[in-house]
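In case you want the letters, here they are:
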Amino acid sequence: MKKISISLALLLAISLSACVDDGEDGAQGTAGADGASGTDGVDGVSTFVTSTDVITTNANIAYAAYADSLISAQTLRNNIATFIADPSETNFSNAKQAWLDSREPYGQTEVYRFREGPIDALLADGTIGEDGEGPEGRINAWPLGEAIIDYVAVVVDGDSGPESAANALSGNVIANTADYPTINAETIQNVFEFGEDERNVTTGYHAIEFLLWGQDLNEDLSGSGSRDSSGGQRPVTDYSVTVGACTSGEVAVIDDICTRRGQYLLAAADVLIDDLTAVVEAWEPNAGVHYTSFVAGGDESLAKIMEGMGRLSYGELAGERINIALKTDSQEDEHSCFSDNTHRDIFLNAKGVQNSFNASYTRIDGEQIEGASIYDLMVVEGQHELANSLRASLEATMAAAAVIDTKAKTGTPFDVLIQQGINQPNVVAVIDALVDQTDYIEQAIVALGITANDLRQDTEEDIGG
Amino acid sequence: MTEYKYICAKHRFWVDAHPKDAFESIQQITKLAEQWLQKNQPNQAIPYLGTAYETAEIIFDNRLESPQLTTCLTSLAIMLAHAYAATNQINAANSLLKHLNTKMKCAIDCALGYNTKVAFFEHCSKAINEAKNDIIFASATSTVTTNQFSQIH
Chain A
1 MKKISISLAL
11 LLAISLSACV
21 DDGEDGAQGT
31 AGADGASGTD
41 GVDGVSTFVT
51 STDVITTNAN
61 IAYAAYADSL
71 ISAQTLRNNI
81 ATFIADPSET
91 NFSNAKQAWL
101 DSREPYGQTE
111 VYRFREGPID
121 ALLADGTIGE
131 DGEGPEGRIN
141 AWPLGEAIID
151 YVAVVVDGDS
161 GPESAANALS
171 GNVIANTADY
181 PTINAETIQN
191 VFEFGEDERN
201 VTTGYHAIEF
211 LLWGQDLNED
221 LSGSGSRDSS
231 GGQRPVTDYS
241 VTVGACTSGE
251 VAVIDDICTR
261 RGQYLLAAAD
271 VLIDDLTAVV
281 EAWEPNAGVH
291 YTSFVAGGDE
301 SLAKIMEGMG
311 RLSYGELAGE
321 RINIALKTDS
331 QEDEHSCFSD
341 NTHRDIFLNA
351 KGVQNSFNAS
361 YTRIDGEQIE
371 GASIYDLMVV
381 EGQHELANSL
391 RASLEATMAA
401 AAVIDTKAKT
411 GTPFDVLIQQ
421 GINQPNVVAV
431 IDALVDQTDY
441 IEQAIVALGI
451 TANDLRQDTE
461 EDIGG
Chain B
466 MTEYKYICAK
476 HRFWVDAHPK
486 DAFESIQQIT
496 KLAEQWLQKN
506 QPNQAIPYLG
516 TAYETAEIIF
526 DNRLESPQLT
536 TCLTSLAIML
546 AHAYAATNQI
556 NAANSLLKHL
566 NTKMKCAIDC
576 ALGYNTKVAF
586 FEHCSKAINE
596 AKNDIIFASA
606 TSTVTTNQFS
616 QIH
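From first to last, the protein sequence lines stand for chains A and B. Last residue of the first sequence: number 465 in our numbering, and the count goes up by one each step with no gaps. Last residue of the second sequence: number 618 in our numbering, and the count goes up by one each step with no gaps.
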């Protein structure tokens with residue numbers, strides 16, 4: 001009797017999901033698919049998806065998404081090297097496009113944060129420590145300490161930079177030839193969080209972004225008044241190799257500055273690649289230090305998946321990345337503020353959460369990775385209604401995020417949207433949708449009988465509702 | 466019956482027969498369109514956006530709709546409408562958004578009883594209406610600017 005009721009439930013599930021799932025490494029059934037620990041399926045779906053199937057799929061997708069991030073970071077590095085050697089407008093555009101492309105897979109990996117995984121906890125010796133000890137800050141921390149790196153407008157939008165005056169370096173690294181005669185990966189890592197001030201961020205995606213776009217000061221470079229649809233306007237002459245043609249924005253400077261700026265850019269790409277390589281290795285199927293223990297982790301690993309989904313949804317994305325920027329109306333609190341690519345950060349972070357639930361990820365080469373999902377598991381556990389509600393809430397979030405995304409692509413980027421403050425309904429809609437999905441994730445944690453840490457611990461702000 | 470402006474009959478048959486491949490092609494074509502939009506060349510983006518939009522619409526009309534496709538269809542319509550508006554084709558922009566909104570209302574009617582589906586389609590419909598208002602506002606602002614410019618000269 002039990003088997004029949006499960007089959008009926010799964011038939012219902014497939015009619016609703018219209019997708020075919022199989023567990024990782026599961027053998028194909030005659031008309032269906034198996035979970036790794038499962039039995040032959042019927043009508044295209046496993047009759048027995050286990051939590052181990054779900055965890056294994058999650059780990060395989062994590063590996064694929066980080067591997068894609070590394071591949072696209074290497075492409076970025078190659079484009080940067082070409083640009084520095086030949087700083088033409090075309091090569092400059094190509095380098096910027098490569099940066100934008102590199103954000104696409106990485107944004108979808110952020111759901112692997114907040115769960116003591118390699119991104120947050122991988123130590124230099126290759127072992128796993130505690131959350132906060134990993135390379136995440138070096139890879140993706142923001143706001144950036146741009147004044148430590150290169151020339152800046154002192155005040156943008158009425159805000160000064162995030163750097164602590166008490167811990168300020170004398171001059172920026174690129175201009176300060178006395179203290180920093182050479183610029184390489186070691187130099188820029190040594191000044192990371194200089195003076196143990198976490199606002200002094202000098203490496204990662206956003207350092208590269210700043211060195212490619214410069215500060216977003218509007219097309220008139222005033223840095224004040226109503227924001228326009230443009231991102232940073234760094235001129236290509238900031239990297240000139242022609243004698244006497246080097247600039248720092250509108251100011252002519254000695255040629256050495258352009259050379260050093262190129263060195264910084266390349267060093268930042270090298271550090272990014274090193275850090276991503278370490279994370280990819282830790283997730284390598286059947287060999288990585290984290291992969292093996294995570295896949296064997298049972299309910300504890302399942303709880304980590306749910307916790308990562310919930311904490312990214314609520315505190316990090318709805319709270320720190322959207323709500324604070326909205327409330328402060330500050331570009332300084334905007335994630336990709338130099339390139340005006342924040343709409344993609346929001347969309348891709350939300351997409352990562354949806355990927356985790358659906359156990360689905362499209363690689364940068366178009367390959368589709370799918371497997372046993374949390375949805376399948378919830379259905380097997382008799383939680384069809386909640387599974388459908390959670391899925392619908394994730395879809396609602398994607399629809400709301402798509403509005404932000406489309407607005408940016410049609411000339412209203414995130415920094416312009418937030419100028420309307422908390423009255424901006426499109427931005428509030430994304431926050432509300434993320435809060436809703438967090439509610440359902442919490443219910444799913446209870447329904448699956450697992451225990452996770454507080455999903456709402458990462459922001460002190462009241463959000464949603 | 467829907468008339469297609471950007472895709473030929475042969476392409477349409479291919480979309481009918483290969484909806485999954487067609488959906489992947491939408492994403493590739495959209496990327497190309499976005500690159501033109503980034504370069505502020507809406508004229509160049511329009512054929513790509515039009516092709517992607519019509520491809521998505523065929524899949525949608527074939528009742529192979531999914532939330533991802535519907536979101537994509539809505540976004541494409543909004544981007545295409547903005548591109549039309551940027552090239553002074555305001556009527557085409559409004560007509561496109563009106564056309565899709567009618568379709569969304571039908572989808573809402575068909576989904577009655579499925580609350581989450583209704584909410585999803587309503588969200589898309591709201592985004593379309595908002596885009597329509599944005600375009601009207603931008604067009605009015607642009608007229609004012611143009612008029613002011615004319616007065617100066």
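In case anyone wonders, no lab produced these hints; they're calculated from the structure. Among these hints, one or two may not hold up.
To be verified - Calculated lysine-lysine pairs in the DSSO-like style (CA-CA distance at most 30 Å, straight line):
# : chain 1 : residue 1 : chain 2 : residue 2
1 : B       : 591       : B       : 485
2 : B       : 570       : B       : 485
3 : B       : 563       : A       : 327
4 : B       : 485       : A       : 327
5 : B       : 496       : B       : 570
6 : B       : 582       : B       : 563
Exercise. Taken at face value, is the distance from the CA of residue 485/B to the CA of residue 570/B at most 30 Å?
Worked result: Status holds; Cα separation ~25 Å.
Exercise. Are the Cα atoms of residue 563/B and residue 327/A separated by 30 Å or less?
Worked result: 34 Å, violated
Exercise. Does the alpha-carbon distance linking residue 485/B and residue 327/A stay inside the 30 Å limit?
Worked result: 41 Å, violated
Exercise. Does residue 582/B pair with residue 563/B here, judged by a C-alpha cut-off of 30 Å?
Worked result: This hinted pair holds, its Cα atoms lying about 21 Å apart.
Exercise. Is the hinted pair residue 496/B and residue 570/B satisfied, with a Cα-Cα distance of at most 30 Å?
Worked result: Within the cut-off at roughly 28 Å; holds.
Exercise. Is residue 591/B close enough to residue 485/B, meaning Cα to Cα at most 30 Å?
Worked result: Since the Cα atoms of residue 591/B and residue 485/B sit roughly 27 Å apart, the hinted pair holds (cutoff 30 Å).
Checked against the numbered hints listed earlier, the structure breaks hints 3, 4; every other hint is satisfied.
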